[in-house]
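The whole structure should be built from the sequences, with the hints applied where relevant.
Protein chains: 4
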Amino acid sequence: MLKVAIIGATGYAGEELIRILLRHPDAEIVHLVAKIEQSCPINDIFPWLKGLLDVECKNEINEEEIAKNSDIIFLALPHRVSMQIAPDFLKLGKRVIDFSADYRLKDVTEYEKWYEVSHNSQEFVKESVYGLCELHRKDIQKARLIANPGCFPTGAILATAPFLKEQLVEPDIILDAKTGVSGAGRKPSTALLFSEVNENFKAYKVCDHQHSPEILQELQAFSKDKLSLIFVPHLVPMNRGILSTLYMKLKKNISVFEAVDVVKKFYQDEPFVRVRPADVFPEIKDVVHSNFCDIGIKIVDKQLIVIAAIDNLVKGAAGQAVQNFNIMFGLDETLGII
Amino acid sequence: MLKVAIIGATGYAGEELIRILLRHPDAEIVHLVAKIEQSCPINDIFPWLKGLLDVECKNEINEEEIAKNSDIIFLALPHRVSMQIAPDFLKLGKRVIDFSADYRLKDVTEYEKWYEVSHNSQEFVKESVYGLCELHRKDIQKARLIANPGCFPTGAILATAPFLKEQLVEPDIILDAKTGVSGAGRKPSTALLFSEVNENFKAYKVCDHQHSPEILQELQAFSKDKLSLIFVPHLVPMNRGILSTLYMKLKKNISVFEAVDVVKKFYQDEPFVRVRPADVFPEIKDVVHSNFCDIGIKIVDKQLIVIAAIDNLVKGAAGQAVQNFNIMFGLDETLGII
Amino acid sequence: MLKVAIIGATGYAGEELIRILLRHPDAEIVHLVAKIEQSCPINDIFPWLKGLLDVECKNEINEEEIAKNSDIIFLALPHRVSMQIAPDFLKLGKRVIDFSADYRLKDVTEYEKWYEVSHNSQEFVKESVYGLCELHRKDIQKARLIANPGCFPTGAILATAPFLKEQLVEPDIILDAKTGVSGAGRKPSTALLFSEVNENFKAYKVCDHQHSPEILQELQAFSKDKLSLIFVPHLVPMNRGILSTLYMKLKKNISVFEAVDVVKKFYQDEPFVRVRPADVFPEIKDVVHSNFCDIGIKIVDKQLIVIAAIDNLVKGAAGQAVQNFNIMFGLDETLGII
Amino acid sequence: MLKVAIIGATGYAGEELIRILLRHPDAEIVHLVAKIEQSCPINDIFPWLKGLLDVECKNEINEEEIAKNSDIIFLALPHRVSMQIAPDFLKLGKRVIDFSADYRLKDVTEYEKWYEVSHNSQEFVKESVYGLCELHRKDIQKARLIANPGCFPTGAILATAPFLKEQLVEPDIILDAKTGVSGAGRKPSTALLFSEVNENFKAYKVCDHQHSPEILQELQAFSKDKLSLIFVPHLVPMNRGILSTLYMKLKKNISVFEAVDVVKKFYQDEPFVRVRPADVFPEIKDVVHSNFCDIGIKIVDKQLIVIAAIDNLVKGAAGQAVQNFNIMFGLDETLGII
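Protein chains in written order, with the numbering used here: chain A, 5 to 342; chain B, 5 to 342; chain C, 5 to 342; chain D, 5 to 342.
For the record, the hints were derived by calculation from the structure and aren't laboratory data. Watch out, some of these pointers could steer you wrong.
Identical copies carry no separate label here, and so any pair may be met within one copy or between two of them.
Stated by the list, open to error - The calculated PhoX-like cross-link candidates involving lysine-lysine, where the alpha carbons are at most 20 angstroms apart (straight line), are:
| hint | residue 1 | residue 2 |
| --- | --- | --- |
| 1 | Lys253 | Lys230 |
| 2 | Lys253 | Lys306 |
| 3 | Lys209 | Lys306 |
| 4 | Lys169 | Lys306 |
| 5 | Lys130 | Lys98 |
| 6 | Lys268 | Lys54 |
| 7 | Lys7 | Lys62 |
| 8 | Lys54 | Lys269 |
Take a look at the structure:
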């Protein structure tokens, strides 16, 4: 039984991580920390945990105490906060899975530009592994520090990589993404009040979303051409899920069946990527509460349309983190998440 | 054309008041004030107003300037704030319609108990008129200060008063009310985030809601018996509307047809109360975006069930305020709200 | 590994049963039947099952074939349909868990009145066991035919029984219940279209809901007085969950702490009933996707208010069915549902 | 006072038309017809109309009787049904505004391909005017038969036409559109049940939506190049509104300010098109319940992003129909819809 610490246990991703780990046969939650007024049983904060989990949620991080009896530290923290904390655990010899963007971008200049902050632990950026399991499984196995991917990048990269790898598409990618509201986190906010979001729909951070460099970093590795990305996120009045509609131009004519085969082959041994038949598309309800990324494809003339659906809190956050954890510790990759 | 000032223009009730007054043939909005960082055109805050209203929304109240060319001051402010401001306008000879609870309760001790604050303008409590138009029309005509009713009390009182007046029911009233989320206002909040409210349903402030004394004050006037009220509000994942389900015991056997007639007679000349046939009940969608209060009735043995539906922002706030305004200035009572 | 057949696999309760059984370590789904145009893999109907379940869903019931290699038959069928099918399986020596109302009411006259149909297998009504596990565990262990409780009765009975058993309350019970929309089933309908339900809220079948006799049957067993029930269901714009707000009059003054203790004691060994501290109430999100029934209590004078929350598809249908299944086959009662 | 008949009064567009006309100072509803079991007062079907409208809704069309005292016939009917009925009214000398697609496509072959039916009144296709007021105002003034535009085309055409007219963009247009659920109409359906749509999001009819030819027909008129359209509609869990996100490639570099000016100039005298400042985008809540089309623009390199928001039932259906009506009868174009 591996011992788990979760720092940032009361955000949506932290809560989802607890939910998943309760079903994980080889993991035991031993430490919980969150930014709360005072320490209390986690099930006082989340009454749904009554009778299921009785761990105290602390309001301060005692790194040494946590490190002493934890096998893995999950940091479900906001950008900019993780990099204040991750180094301590790494220096104490612990393995860390970080949900924030702090160690995702290999180009620190890009990070500092998009997140408007100086990076204070650049020495760990280099060794961190981008935790998109389908692309970096080998590196994940031996990683000490996993930069768990962002929610938008997970679907977008999985849907696009196979076509770039086969050099089938032009380097200009349009990503029209639609996300549920939990992606914005559990912080007091006027813009995210129920009455503001419900019965509304909008684009936001148009071509200005901080997940853009992360998508480009990962996809550029597959492409000989210099990629460009037009990324327009939209907010859907629902709790969970991201549907990414991708538009790419094919370099040459291929059939939709060939296109489906390209993706199927790329993910042939992957337990969490499901490819639909030609011209059939996934919906959010096909993946919600699951770690799957479902992909559908259509071609009209040389226009390629790829739609990917994930649950932003599972494959887009806590589920993928557990998938990384399973890989890191040599467990069956699907434990607790299928 | 009567000139209108709105203090608190950017809350849900203030916004709804603007919406209604735009359609009012005899009212012109001339002053807007709100708690905003800096003054700006109101249509910068509410883009839906582009091309419809071009008034500057100020971030400070200049009472003298506002009083100079306003015929009526609407205070769409939170409890405790109104009473800091209303007296200034009254002293300047202006008529005021106050959306808050500050002048609703004639018993100041009750006010101070429920709102946990000292009342600082008790001299105006006495002369204020509780603006439930169907009950206090005559007093409203000549009032200087209207205490616009709370959203829950509006439906609950209208549904109950006819039965109490006829001494038909026992004095123990159960009010199981269900409200849309806009009733909670437009303030940053974690508990009211979309992801917290959506796909959830809960009771809150069980037998502890500050609208209780207001309901009792108004209903007690009709009853020889000392009334008791069990009031359980619930939060519905929808933007607008309050459905109030009331349970009362009949003192003697009457038929549901007699009961319907009691209510129809009570409201026979009222433009905004609609009584359904026996055993037929109103839904929120029957009244949303309207100033109507719809009422349905059923009797099982001696148990009387009355259901009232209103739009909390219209008949429960801004619409009723305009109805009061129309009455105060001798206009057709339905102007702008039918 | 016990072999499971599900008849009615494509309704909301049937789908939820599949979801639960996939996680059940001792159950294997071997037969699926539904009212569909033609037989097909179940994961063609529910794409979320791709990679998880590959069983064919048949469009006809072959009782003999199903009986041959099934240990248990779940009938997730509408009222009136189950009683056409259950007897065949019983006669073939199979155990049956029926989700419909067909075998819940011991008084067949009541059944025929409420469901407006003649009962055609009255011989099995007598031996059927009402599958509210907390009340009938012993009988369930050896039952051949379980009448799985209705969704409204589950919460209402659990919340009320302890007080009736202790003879603490008057016999007049008011149940103001609020349900998510999945309770209405997956049939084409205009009244249940998204645009009809969303941003709406209403009461329906006021004092006329077919679950009333079932609640009375079970509760009457605890009471010396003849009970009366006022039951007003309401429809909430959310997918899942039932919140039941119950109003009862205490026969004598007791404190809320005593009341909480009464319920805690009644359910002291129950894995799926959680009692909140005095004056603290459960919300739908505390129980959604779980088999728990959470209960909160408040007392004002002699008025007792009890609120119970369940997930209508889990504790109110498929989860409770699996709980019954676990009990029937001597398994750990929480398998697959905790 | 002009006399109005509405055929198809109980669908979402018909209901919205009633709502709008109630506020129209120069229109009076005199005839209502719908596909209902038996004729009844319209306010029995829509209780929100109690006290507001007392017209009988007939369940059969008596063309002669209706024509006798109607100035205008609105057909709020499904595709394929309108063309059975419109000719009768036209032959009786009446003017008709048709909500369906039956007279929108000048190329009857295209119509027959997309709607899979033979067109049975081709003689009227030629004289019909496509009722997008901003493009065809002059023809609308004297038209006998208006083909009221589809909901998707309204926003998409308005957002694109100015750029095509100035020959600024390449002929390949990507339209990623997101619609509320009322666009699908009020017919019994399993796919549109609340529990199917809520907490879900999906693409549908990908590159296969029947509004495609209508968009191309209108836009082609502005372009020297042969246009191609990639149109991917998505279903949003909300009642009303369409947000259209359009992607086009600029032929030459222009600034976003120039682009905004192009659109502002195109619509300089239009009462119902509002253009946002550069890089600012409209949301659904800016236009809901209004007849406005709001447009926002951004440019990244030579990629042009245009977002248009409308209310599908107002500018996308009933509001635009009234705008057409106002134009046809020489009224102020904004009567009843501002």
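Hints and how they fare:
no., hint, result
1, Lys253 with Lys230, "both (15 angstroms within a copy, 18 angstroms between copies)"
2, Lys253 with Lys306, "both (6 angstroms within a copy, 16 angstroms between copies)"
3, Lys209 with Lys306, "between (29 angstroms within a copy, 18 angstroms between copies)"
4, Lys169 with Lys306, "within (18 angstroms within a copy, 26 angstroms between copies)"
5, Lys130 with Lys98, "within (17 angstroms within a copy, 63 angstroms between copies)"
6, Lys268 with Lys54, "between (42 angstroms within a copy, 14 angstroms between copies)"
7, Lys7 with Lys62, "within (17 angstroms within a copy, 45 angstroms between copies)"
8, Lys54 with Lys269, "between (44 angstroms within a copy, 17 angstroms between copies)"
Every hint, counting from the list given before, is met by this structure.
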